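Undergrad: Modelling step: build the complete structure from the supplied sequences, incorporating the hints.
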Amino acid sequence: MLKISSVCTLCGICINTCPEGALQFLNSKIAITDHCTLCGLCINACPVGAISISSKDHIPTIESANTISIAGELNHGVVTSATLELISEASRWVKNTKYSVEVVFASDRIPENLDIMYSYGAFSVVVLQNLYISEISSMTRAAAFSAWYRETRPTVILCSASPEGRRTSPLIAADLKTGLTADCTELSFDLNEGILYQTRPAFGGNIMATIVCKNHRPQMATVRPGIFKSVQLTGQIIKPVKVINLPDSSFQSWQLSQIVHEIVSISKNDIPLNEAKVIVAGGRGLGSKKAFERLAYLAELMNARLGASRAAVENKWAPQTNQIGQTGTIVSPYLYLAFGISGAIQHLAGIGGAKTIIAINRDPQAPIHKTADFSVVADLNIVINELIKILENRKKPD
Amino acid sequence: MAFRILVLIKQVPDTRKVEMDQKTGNLRRDLMGSIMNPEDANALAWAVDLKTQFNDVYIGVMTMGPPQSEKVLKSACCHPVNEAFLLTDTAFAGSDTKVTAQTLRAGIEAIENEAGFFDLIVCGHQAIDGDTAQTPGQLAHFLGRPCALGLDFLELKENRAFYCFSNNDEIITASIKLPGLVSVTKNINTPDFPTVRGVIAMKNKPIRVFNRESLNIPFDGCGLDSSPTRVVKTFFPEFSRKNILIDFSGAQCAETILKIMEKMRIDA
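Respectively, the protein sequence lines represent chains A and B.
Under my numbering, the first residue of the first sequence is numbered 3, with each subsequent residue one higher.
Under my numbering, the first residue of the second sequence is numbered 242, with each subsequent residue one higher.
The hints are simulated quantities; they were obtained by calculation from the structure and are not laboratory data.
A portion of the hints provided could be inaccurate.
[Unchecked claim] Straight-line Cα separation of at most 27 Å, DSS-like style, residue types lysine-lysine; simulated pairs:
1. A:Lys397 x B:Lys427
2. A:Lys372 x B:Lys258
3. A:Lys291 x B:Lys258
4. A:Lys244 x A:Lys231
5. B:Lys427 x A:Lys291
6. B:Lys474 x A:Lys31
7. A:Lys231 x B:Lys258
Everything numeric in this text was worked out from a predicted model, so none of it was measured.
TA: Now the structure itself:
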C-alpha cells in the first residue's frame, strides 16, 4: 500500500515522477489511483520523504544454515571465471565469522581441478552428479541444485548472471519457493542480521534499487561476470571434494524433456569482451557502418577489443556480441576509449569497472563527459584518423 | 485444433526513452509512454505467424497488471488474436517475479480448466522495466511444464517445439515435448504493424477480466505482502571520476591519448 504522510508539502514532484500517472491532486491532498504499481519511484523523488510503502510480513524468517553457497558453473567441464569471482567475494564477507562459503557443481561427470576452489576461499566443495545433468540443460541443473538446497537450506545462494545462470536461477528459486534478484551490481551481507542487501539497476537502468529477501530462505542473487574480482589466496586448507550421486528420482519427467540436436560453435575473438584489457568502443556519433569499420581497424592497431553501444548495435554497425552496457556485456578493462558515445545510464552501467575512461565526444554536454576520467571534446573522426596515422607509422619498418 | 497458444504480454513504460532530472526526480512522462514490452511483441508476432503455417491455430493473449494494461491487450487484438485475458486487482500490486508467476499460473489454470490445455505458452525473454528475465522460468516450474528460455528461433513440429538459443560461444538446437513454455528474444523476428482490418476487428474482441476472487487466490497469496523480495531503497546511480578535459585540436588529442596509454604501460 502506498502511503503519503502529513509531512507532504503538496509540491507535486511525485505526480510528475509517476510513470503510470497514478498520483493526482484531489481535494487539497495527493490521491493515489488504482493505476499505482508500487514501483516506488515517487518515494525516491519526494524531497521531504513523505511517501512510503507499507507492507505486512506474513511469515517469520525461515531457518537456514550459516552457509553462503555458490551455485557454480562449468563451461566444457571447466569452472567459469564468474564462479571464481563469486567465491572470492563471498569469502571476503565471511572471514572470521560463523559463516562459511560452499561451492556446488552439478554435472554428469566429476570435473577436474576442483580443489583450486579452496584457494579462492571456499570452505567446502560439492559435486552433484547424475547422468541426466547437462551444462546446457537448465532444467536438469536446476533440479539437481534444488535437490541439494532443499536439504541444506543455505542462507544465501549466489549464481552467475551468465546466459545459463539467468535461465537456471529462476527455476531453482521457484523450486525453493524463495526470492531471487537478478543482475546485481553490488552485494552487501549484514553479518548481524544475516541479510543480503542486493543492489541492481532497475527501470531500464535509469535508477538503482536495493532489494532484500527478508523472511524467505535461501536469499538468492545473480551477479554478472566481471562485477567482482577473483583473488587467489595462499595458505588455504585443501580438502577432498564431496561427490553426491543424485538419485534419478531427483528429476521430474518434465525436467528431462529437452533433447539436444546440434551444437554449433560461433567464431569469436579470442579474448572475451569482459576479459579485455583495452576496449575501443563506438556509439551513435560514429554515424555510419563505414566509420565503425574504421574504428574496428583502430582497435586492431591498438590490440584492443572492439565494443559498441546499444545505438550502434541497433543501427547494425556492430553485432550484439560487441554490445557493452546493461543489456550487453559488463566490462572492466584497464582502459576504455568511448568514441561518439553519449553516456546513457544503461551504457555507463556496463563500464563502471573500467580503470580509466577516455571519452571522445564533440558535444560538451554529453553525459559521458561527467563520468569519464579524461574528456576529449573534438571531432572523433579527426582523433581516430590521427591515432591511426601515428600507429601505422610506428608499425612501419625504418 | 492444431495448436492452442497463449501469449503473455506486459505493458511497460518505455524505459528506453526515459529522461530523468536527477536533481528533482522528475520524469518526462510525456516522452515516455506505455508500450507493449518489445520482446512480448516478438512473442505475439511469432504466434500470429503460426496461423500462416497451420490451420486451426487458437491464440489467447494474457496480461497481469493495473487496469490501464487493457491498452496493451487492445494493441494485441489488432493482430489475429482469438481472445484476450486481463488479470487485474489492487491486491496484485507490488508483486515480485515469484508472486507474478503464481498469479499468472492461477489465471492460466482457470482458463485451461474451461477450455483445455495450451500447447505452448509464449513469453518475451525479459521486460524493459524489470530486466530480470525471471518470470517465465518460475511460471514454467509452477505449472510443471518443460521450458526453453531466451530463444532466437522456434518452430513447432507435431508434438514438439524445436528451438535455438545461444550459450557463450555456441548456438544450441534442441527440442522439448509439448505442452511447454518458451521465452523468445528480439532476434526471433521483426513484428509487423497491424492492418486497418485488424484494428477494426479489435473492437469486436472482448477482454475477459479476472480478479483475485475469481481466481481463488487468497489475500496473502499475491501482491507486495506475499512477495519474498522487497525494495528497501532506490537511488540514482553515481559516478565519480577525475574528469580532466583534454582541450586540444583533434590531432593533439590523439597524441595525448597515446601518452596516457604509455603512462599506463599499455602497448599500442
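Undergrad: Run the structure past the numbered hints and jot down the numbers of the failing ones, going up.
TA: 1, 7
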